[in-house]
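With the hints as extra help, turn the sequences into a complete structure.
Protein chains in written order, with the numbering used here: chain A, 398 to 625; chain B, 398 to 625.
Because the hints were derived from the structure by calculation, they are not lab data.
Certain hints may be false.
Note: identical chains are not told apart, hence a pair may lie in one copy or across any two.
[Said to hold, decoys possible] In silico DSS-like links for lysine-lysine, alpha-carbon gap of 27 Å or less: (1) Lys560 with Lys480; (2) Lys449 with Lys426; (3) Lys545 with Lys480; (4) Lys477 with Lys560; (5) Lys560 with Lys479; (6) Lys456 with Lys477; (7) Lys479 with Lys542; (8) Lys426 with Lys456; (9) Lys444 with Lys456.
Number of protein chains: 2
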Amino acid sequence: MYSLVIAEAAMELVPRILGNHPSVRNHCKRTGRSINEIFLDVSYHHKAMVEKNIDQWWKRGRPDIVHFDLVEALSTPLFKQKKLQVYVSTFDNNLVTISQDLRIPKNYSRFEGLMIGIFNKQKSKNSPNLIEFQENVSFNDLMEKIVKPDLVIGFSVEGTRSKISDILRNNVTDTAKHYCFVVGGFQRGHFSDTVTAACDTIYSISPFSLESHVVISRILYESENYIQ
Amino acid sequence: MYSLVIAEAAMELVPRILGNHPSVRNHCKRTGRSINEIFLDVSYHHKAMVEKNIDQWWKRGRPDIVHFDLVEALSTPLFKQKKLQVYVSTFDNNLVTISQDLRIPKNYSRFEGLMIGIFNKQKSKNSPNLIEFQENVSFNDLMEKIVKPDLVIGFSVEGTRSKISDILRNNVTDTAKHYCFVVGGFQRGHFSDTVTAACDTIYSISPFSLESHVVISRILYESENYIQ
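Okay, here's the thing in C-alpha cells:
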C-alpha cells in the first residue's frame, strides 16, 4: 500500500496579522469575500507577507501548488484504483485527509471554494465526508498516529540522487507493507528539521529542481509500473 | 528533437451566439469583464452551451485543461533544456506557439489574463513575444507548414495499446529526426478525423482513460529517460 503526504503545504487562511494590510483589504473588496474566505496567496499578498515579515514567507501562500499536487495525484490510475491514500499536511499543522472517492475540482476557483469551506469547518454539500479537516496535527503525529507506514521515503533536491525505479527496487521490497512518500507542497526552501527527521530516507530524483507536481507524477507513474 | 501539440484544445473566447445567455451575462457582470475578456468555460456556461446546442459542446470550454497541460509540459526538464517545442491548436483552429523561454503562470487567474490578452491580440507587457497567436491555422497546416515533423505520434484511448518505453523504442529511432507528440486538449470525445488522419500512428498508453496532463507528464518523462 502507498500513501502520499504533501508536507508543509503552502495552504492557509490569511493570518490575522495581515488582515489590515492594503493588499489583503483590496483583495477582499475585489472578490467580495471576508478575510476568512480567502487563502493566503503570494500572487496577491506578496507585499503584505514581506512587509509584515511573516515567518518563512517564501514557503507560504501557494494554494495553487496544493491544487496542482492534488490534481496530479488524484488523476493517476494508482489513486483511482484505491491503492493510494493522500494527505495534505500544511505549514501550520492542519491536516487534510482526502477520501479515495474524491473527485477534485479541476477549476481552481471551485477548488478554492471547496477548501475554504473545509478550512472553515463547513460540511460541503458536494463532497460530504470526502475531505476531512483536523487542526493541530504535527507531522510526527500524522506519521505515528494516522498514516503509520512501515517506511517513509522523502523527496527533496537535497536528498541522495537516484533513479525512481532504483529507489522503488531498493526500498519497496514487500508489497504487504505500507510505504509513505513525502513531497514538499511549497515553492522554495527545503523540508523542516521535523519532516527531515521523520523520513527514513530522502532522495533526489533529478539533477534539476523539480516542482512538486512533477515529482508526484513521476513517483506515482513509476510505482504503477513497479507493482504491475 | 521533440514537439508537443495540444490538439483541439478547449480554449476559445465565448462565442457571440452565447453572448445574451443569462449564464454568460451573469458571469460577465460578476467578474466585471466584457464578453471578449472571458474564455468559454463549461464550469460557468454549461447551461448556455447546452441550451444553444453549440457544435460538440462536450469537447469545448475547458481552458483549465489547457492550463494544466501547459504547466505540466513547461515544468519538465525536457522543456527547460529547450529540447521541446510546445503548440496549442484550438478547437476552432487558433494556434498558440509557446516560446521555449516562457514561464507559465501557475495561478489560473494570471494564466487566463495572459491568454485573454493574447487572444485579443494585445502584446503582453510581461511576456513580449513569448507567446505567438495566429488565427485560422488548420491542424494540417500546422503540421505541414509550421511543425514539419518527421513522425507524428498521437495519443488516444482509441489507439494501439502499448507501453511508452516501447513506443519510443519502436518509433524514435533517429535522434536527428523531429518527433511530434499529439495529445487532445479536451475533456471528452476523441480526435477529429482531421487530427486522426494527420497522425502517422496513434497509441493508447493505459487501460484507463487518462486525462491529457497525465499523458503529457508520462510521455515527456519517458522521453527524458529515453534520450539520456
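Hints versus structure:
1. Lys560 with Lys480: both (22 Å within a copy, 21 Å between copies)
2. Lys449 with Lys426: Result: close within a single copy only, 20 Å intra versus 35 Å inter.
3. Lys545 with Lys480: Answer is within; shortest intra-copy Cα gap is 16 Å, inter-copy 42 Å.
4. Lys477 with Lys560: Classified as both: same-chain Cα gap 25 Å, cross-chain 19 Å, threshold 27 Å.
5. Lys560 with Lys479: both (25 Å within a copy, 22 Å between copies)
6. Lys456 with Lys477: Answer is between; shortest inter-copy Cα gap is 23 Å, intra-copy 30 Å.
7. Lys479 with Lys542: Within one copy only: 21 Å inside, 45 Å across.
8. Lys426 with Lys456: within (26 Å within a copy, 35 Å between copies)
9. Lys444 with Lys456: Answer is within: at 15 Å inside a copy they meet the 27 Å cutoff, but 40 Å across does not.
Violated hints for the displayed structure: none, as all numbered hints are satisfied.
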